[in-house]
Amino acid sequence: MAIKSSNVTARVEPEIKEQAEAILAQLGISASNGINMFYRQVILWRGLPFRPSIPASRALSLDEMTKEEFDAKMSRGIAQAEAGEGVPADEHFASLRQEVPQPYV
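Quick note on the numbering used here: the sequence shown kicks off at 1 and runs consecutively.
All clues given are correct.
Have a look at the derived ranges for each label pair, beta carbon to beta carbon:
| # | residue 1 | residue 2 | range |
| --- | --- | --- | --- |
| 1 | E85 | Q19 | 37 to 43 Å |
| 2 | M74 | P49 | 31 to 37 Å |
| 3 | A81 | Y39 | 43 to 49 Å |
| 4 | Q19 | S57 | 19 to 25 Å |
| 5 | P49 | A72 | 35 to 41 Å |
| 6 | S53 | Q102 | 15 to 21 Å |
| 7 | A10 | A59 | 26 to 32 Å |
These are calculated hints, taken from the structure and not from any lab test. Here the structure is a predicted model, which is why all the values come from computation and not from measurement. Idealized CB from N, CA, C, for every residue including glycine.
Please put together the full structure from these sequences, using the hints given.
Okay, here's the thing in structure tokens:
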């Protein structure tokens, strides 16, 4: 049985297209399959499968920090842990789960 298909035409910045297709290729997924997966997620979630937002700040990677910045972050984290300012991981993950909308099934 042949599967019918439709063409999708979209304008995408060349650099964005190249980067996305390179990542999809590493995953063994064609651009067509990636787009099909995205569309299926839109249907499943009845909207975008992610929350469009602008992050207040982006965490720096280790490569982006100086040794002094890294040491300061580690010292701050140790001080918070010693002061009991942390939250148990299971509580934190439970609160995150409450923020994620459940898909329509």
